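Residue-level listing of the chains:
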Amino acid sequence: MVAGVIALAGNPNTGKSTLFNALTGLRQHTGNWPGKTVLVAWGEALYRGRRYQIVDLPGTYSLTAASPEEEVARDFLCLRRPDVTVVVTDATCLERNLSLVLQVLEVTSRAVVCVNLIDEARRKGLFVDVDVLSEELGVPVVATSARRREGLGLLMEKVDAVARGRIKPNARPVVYSAPVEEAVRQLQGRLRALGINGRLGRWAALRLLEGETSLLATLRRCAGGGDPAERVIHPELARHRCS
Amino acid sequence: MTPEGQVREEIATRIYQRAEEIASRALRPLERPRPAWDEGLDALLTSRWLGFPVMFGLLGLVLWLTIVGANYPSELLATGLFWLEGKLSQLLLALGAPAWVHGLLVFGVYRAVAWVVAVMLPPMAIFFPLFSLLEDLGYLPRVAFNLDRLFKAAGAHGKQALTMCMGFGCNAAGVTSCRIIDSPRERLVAVLTNTFVPCNGRFPLLITLAILFMGRSSVMAAAVVAGTVLLGVAVSLTVSWALSRTLLRGTPGGFALELPPYRWPQVGRVLVRSFLDRTAFVLARAVTLAAPAGAIIWLLGNTSVQGASLLSHAAYLLDPLGRALGMDGFILLAFLLALPANELVIPIMLMGYLSAGTMVELNGLEALGTILTERGWSWLTALSVMLFSLLHYPCGTTLLTIYRETGRVGWALLGALIPLSVATLVCYGINALAHILS
Chain A
1 MVAGVIALAG NPNTGKSTLF NALTGLRQHT GNWPGKTVLV AWGEALYRGR
51 RYQIVDLPGT YSLTAASPEE EVARDFLCLR RPDVTVVVTD ATCLERNLSL
101 VLQVLEVTSR AVVCVNLIDE ARRKGLFVDV DVLSEELGVP VVATSARRRE
151 GLGLLMEKVD AVARGRIKPN ARPVVYSAPV EEAVRQLQGR LRALGINGRL
201 GRWAALRLLE GETSLLATLR RCAGGGDPAE RVIHPELARH RCS
Chain B
1 MTPEGQVREE IATRIYQRAE EIASRALRPL ERPRPAWDEG LDALLTSRWL
51 GFPVMFGLLG LVLWLTIVGA NYPSELLATG LFWLEGKLSQ LLLALGAPAW
101 VHGLLVFGVY RAVAWVVAVM LPPMAIFFPL FSLLEDLGYL PRVAFNLDRL
151 FKAAGAHGKQ ALTMCMGFGC NAAGVTSCRI IDSPRERLVA VLTNTFVPCN
201 GRFPLLITLA ILFMGRSSVM AAAVVAGTVL LGVAVSLTVS WALSRTLLRG
251 TPGGFALELP PYRWPQVGRV LVRSFLDRTA FVLARAVTLA APAGAIIWLL
301 GNTSVQGASL LSHAAYLLDP LGRALGMDGF ILLAFLLALP ANELVIPIML
351 MGYLSAGTMV ELNGLEALGT ILTERGWSWL TALSVMLFSL LHYPCGTTLL
401 TIYRETGRVG WALLGALIPL SVATLVCYGI NALAHILS
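So the protein sequences, as listed, match chains A and B. So in our numbering, spot 194 of the first sequence is number 194, and the numbers just go up one at a time. So in our numbering, spot 409 of the second sequence is number 409, and the numbers just go up one at a time.
What the hints contain is simulated information worked out from the structure, not anything from laboratory work. Predicted model, so just to flag it, every value in this text is computed and none were measured. Treat the hints with care, since some could be wrong.
Unchecked claim - Taking beta-carbon pairs under 7 Å as the criterion, some of the chain B residues facing chain A (in silico):
| id | residue |
| --- | --- |
| 1 | V7 |
| 2 | I15 |
| 3 | A19 |
| 4 | P29 |
| 5 | M214 |
We treat Cβ as the ideally placed atom computed from N, Cα and C, and that holds for glycine.
Could you build all of it, start to finish, from the sequences and the hints given here?
Have a look at this one:
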């Protein structure tokens, strides 16, 4: 029995795959995402006797669905709704990485931010205040060095806590201009009627305002969720759930 | 901008602002970090005001070194190859080859190949390694960074700056590299405008003509070639702009460009690789194409119909059009026949100029200058030829690549027609202007 699905998201070159390898060891597989030439790896991690399925999403700079990689990452986060999303960032260029973090937090609050490559940052004379970061973002933040296996225990502790509902993160949303916020509020009402609510509703409303009308049909089909057990599946089977 | 576009812009901007805000609160220096030398260099190379002059200066420097360095080896090569021609001729005659075989092989095939090697090898052997050194140093991503703003403004994807840089090597490779652009619209814009940057095959022509006609000094000649390159980039941007407002409407997406750290190039490795991968590769291509082309031209030049060779007939037909564009029938014919490879323009043109049907004996750049001047070339002719070479349709390989990448014959046709009309317009305009002024 799998205790939950954990997605690893992040920019390219943040040591995401190193982290994935460190967490899953040899219990991993790779395969093409259905219908895409995008490689997705998945594996399992044990934490205090609980088995988690970990999915290593392709590295992306944003969630705008401008490339197949972004589309895969975004579809997974929005439609498959992992129990916890770990956003892996590069401590040495945190500002650039935070843009993806903020975008992921618009989709889900059940997230842990991993500030990786912290040893590199130290070497460059940079100090990352994870408490301030956690305060600003509204989700747990853990500093790690996946290469040296630093901070991995603490990371899994936070992930486990979020997965089991011991920590209920509440990500601080990015606030847009008054007209956009007003339009979002109105659209959210309409989306709620379709069964798309909460944070995902706000996210969907923003995308609709950006002109992504094709998203609506997909969301509609996947709204309602279904059996929670059904969510614990390999990515290669994901298409059966939504189509 | 559409309302959707405005929302997209606002959301992206707000997210970046918020990221900046959070980062500034959560990040602190452990100790005072010294500004690293590479950050200083980046500040200079990608600065808003100095980035472009530095870019132009570096390009000019590379071209100047090429021009200064190419002259002497070119003469040396020509002498050597001419000596070899004499030996080859003696050998064939000793073997008792018929006159037409001797003519076809020695005056057709061998001279075409020898010309290509003598004129193209020295500039390539200097230009490509220098360019590779800049590449290895990590300068090209900075170029892309500088140009990104301009491409955005033209409605094209910022990555087009990279595919364009690739085009300097080879337009066919440039077109293939457009795969890195994910949005189909922006990819097409990049594919269709790649040919406006001069490729390896055209640089020798630009450099040679600049040396012969454009300047009293090598500095001047280098500046002219650098200016030509700049014009190519400007045209590429303008056509991208026009395309994204007409045929391929839309707004570009964003992307993050990582500026890799500077590295001291591994000089030895770069020299060897650039020689094998570029110089030898381009030369081999030029030679394999020049040999059969030389044979065909020789046959055309030696087949007489109604008292004149086929070559002369064709040139005579094309002459009025050529004149209107500041060139002549032979030059235009050369451009037409050089469709398989741009490297062939100068050799074919020379073959045409010699009514006897063979190319001149070669002894370096000087001789080439004399022949062209005797044929009535002025600096304006040279300028027209340079501009036409810069802007006209891409080579056959590139067109085939466009077809393969887009899957439509129509796009490949457009990839030839757009540049052709631009080249025609520019050449006609400049010559009309020169006519009025004089």
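For each hint, the structure was consulted:
Checking V7/B against chain A by beta carbon gives a least distance of about 5 Å; that is within 7 Å, so the hint holds. A least Cβ separation of about 5 Å between I15/B and chain A falls short of the 7 Å threshold, and the interface hint therefore holds. Interface restraint check for A19/B: the shortest CB-CB distance to chain A comes to about 4 Å, inside 7 Å, so the restraint holds. Checking P29/B against chain A: minimum C-beta separation of about 6 Å stays under 7 Å; hint holds.
Residue-level restraint check for M214/B is violated (minimum Cβ-Cβ distance to chain A is 44 Å; threshold 7 Å).
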